[in-house]
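Asks: If you read the protein sequences in the order shown, they are chains Z and D. Here the working numbering is used: the first residue of the first sequence is 157, the next is one more, and so on. Here the working numbering is used: the first residue of the second sequence is 157, the next is one more, and so on.
No wet-lab data here; the hints were simulated from the structure. Nothing here was measured: the structure is a model prediction, and the numbers come from that model. There's no promise every hint is true.
Because identical chains share one entry, a pair is satisfied inside a single copy or across any pair of copies.
Taking lysine-lysine and the BS3-like style, the derived pairs with C-alpha atoms no more than 30 Å apart in a straight line are [stated by the list, open to error]:
hint	residue 1	residue 2
1	423	370
2	329	481
3	313	423
4	473	484
2 protein chains.
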Amino acid sequence: MTDTDSTPSTGGTDHTAKAPSRRALIGWGGAGLALGAAAAGGAVAMTRVGNDVDPAGADAGGAVPFHGAHQAGISTPVQDRLHFAAFDVTTRDRAAFVQLLKDWTAAARRMTAGQAVGEGAYGGLAEAPPDDTGEALGLKPSRLTLTIGFGPSLFTKFDLAAQRPDALIDLPKFAGDALDPNRSHGDLCVQACADDPQVAVHAIRNLARIGMGKVVIRWSQLGFGKTSSTTPGAQTPRNLMGFKDGTRNIAGTETDRLDKFVWVGEKDGPGWMTGGSYLVARRIRMHIETWDRTSLQEQEDVFGRDKGEGAPVGKAKEHDEPFLKAMKPDAHVRLAHPHSNGGATILRRGYSFTDGTDGLGRLDAGLFFLAYQRDVREGFVRIQRNLATDALNEYIQHVGSAVFAVPPGVRDADDWWGRTLFAKEA
Amino acid sequence: MTDTDSTPSTGGTDHTAKAPSRRALIGWGGAGLALGAAAAGGAVAMTRVGNDVDPAGADAGGAVPFHGAHQAGISTPVQDRLHFAAFDVTTRDRAAFVQLLKDWTAAARRMTAGQAVGEGAYGGLAEAPPDDTGEALGLKPSRLTLTIGFGPSLFTKFDLAAQRPDALIDLPKFAGDALDPNRSHGDLCVQACADDPQVAVHAIRNLARIGMGKVVIRWSQLGFGKTSSTTPGAQTPRNLMGFKDGTRNIAGTETDRLDKFVWVGEKDGPGWMTGGSYLVARRIRMHIETWDRTSLQEQEDVFGRDKGEGAPVGKAKEHDEPFLKAMKPDAHVRLAHPHSNGGATILRRGYSFTDGTDGLGRLDAGLFFLAYQRDVREGFVRIQRNLATDALNEYIQHVGSAVFAVPPGVRDADDWWGRTLFAKEA
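Using the sequences and the hints given, assemble the complete structure.
Replies: Here it is as structure tokens:
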């Protein structure tokens, strides 16, 4: 894998060490009027910021490192809130698109560190639109992670067809699918996770703003209440059906299982995906009102676990090894279990959603399912095919679907999202 | 005001002292299978809970008292998250509706205390639907408040026309309104605020479930990131335009201002509203992408404050007294200020919202504005009329609207939501 284009963009330099925290900018902001009148630009702004920087490390808490072999936001302990956006690329200019990826990387590097986009806070010039939209000023980094993915349709553009991974298949139609094209697919995705929703929303909004004229948001989804935990020992969260969800999920510390089931290895190919993963996103609407009228026994039969503790049928504790044959043949846990799927295992990172009410007074609520895997064919597809007879299907419907190749991590301050894909032919 | 119907409903008894916390129920839940097999009912369930109750007070933290002269959720320090629902009443049976108000009160009393709905957690019987949907089990009370309101259209039902307060007007059409009837009005509303969105969503969902066949959700709205603070000294949160919002809001501790501007007094009438308030809810869409392309100077001119600190034009600090004449004539702060509106003052309790993307790739985001006042005519209407020339109108649009009479608080374990309205003629 030749890296012929690792030159940093102007926005790509790492200002982490000297740049202001979001909190520090508040102090600077008080001089907004004076600054506006003087139109003094970045230098003055930086000085002002410098006067007001918090003691070292005061705002470091809650920042997840942006650089690494893998992108953050996959094996990272799951944050409380999600803003997920799928974008379509509108530019046909490859250089402009590569520049956008570099600009996005620079912005993501700053925002995940708790910094405003742009060195001079609002750009320094009162006559210009601010570099940062401002609503996250004063908020902590909140463990923000930003994770980018490339959808199948991207590989029909920019002469990328030969680089499309075999593992990035177009998902087949599954039994019961009722997919809304306006909530499906996309050339790109960015998953923003943070413990504060305003921080996640701020990040997606600023990336959309930076991408104006080159990309447009195709659909987006907010989520809350992490339904699956990648933190070992943490209490397993409950989904909106009231059941614990993610009991047997892969923990971020299980490097063996991550290597086996999540990360793309050198031998898997293509080379540009080494260290990456594949993401399947599914918007799963729950028929909440029907579920709520269902007896406890039926609910527990459907899942194959009891509702309170989450113990598998016939067992006492949540983490007891399930005895699948004690469950009904169509129990969800039985059908989804690796033993029923030739060992297929995925890392789940889903969030609950509630998007108001549909025209019939029913909650538009459910699970925004996010799963990472080393090969979509061996992971989600195999499991979802087996769920065709799932008893749960009476109470849910998949209404949105997308799949993305998630490239490896950004190594350092000179690296950028997608370099391994785009640099070799840049 | 005669109280002829203060007899508690079966669900109205206060079990606060002896009932299990959400967390304690987790321990019980582990016996779900055994309980289901035995169908032992509430008694056994309570015993099991009793075995597993946390040490006294361990879960009391984060519970806001439900009983009081005023409903909680108005002057209560603003929680982080909102789920707001407007309902239409579908039953024509007055007794059935009154029973629903009592059942709702009982459920609200338990949920705000961090307890599951129903004494026996899932009802005790495996053959029955659970009394509680379960997704808040194990979560803290999270400062949940539930606040009910009665819309103008309710007073056309159940022979209530004579009880409709003069102050509960149908809002006039304001300049620029583009109201969606599917996001407006409603016979009832419930405002659920909590620091955990799953707790707020759980509460609305369970009230909707309890109301099945009597009421139906007309519309609902999720919100986050409290844009106005009723906590004195707390940092003022920022709205999605990046500006601090709520600098001069009424603090929950300012009893004089609350009595003057928020609570309905005995002399105001009607008697059943004494201790209540009036709520105006407006869904205000922000033209985010247009705003983000606007210069810092223009943004600050529009608001009349600087963006970083939030100081009024010409002043240094956020809480400095504004000098209105230094602002442009159409500045938002100038036009909304009490000095420009004959002293009109409202308690704001709004939340930011982001509901994905519209068909044009633009964020469907903005401010879900909630304002409480003693008289709608003297509060919101006066201010909103003056905002007809607001420079901010170029960047926002009101797309949903509703108004509600918010009755006084539930006094004790025998009291229920709406008693002062319904009991006198029951």
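Asks: Hint by hint, say whether it matches the structure.
Replies: For each hint, the structure was consulted:
1. 423 x 370: neither (34 Å within a copy, 61 Å between copies)
2. 329 x 481: Close inside one copy (29 Å), not across copies (64 Å); limit 30 Å.
3. 313 x 423: within (26 Å within a copy, 71 Å between copies)
4. 473 x 484: So residue 473 and residue 484 pass the 30 Å test inside one copy only (19 Å; across, 66 Å).
Violated hints amount to a single one, hint 1; each of the other numbered hints is respected by the structure.
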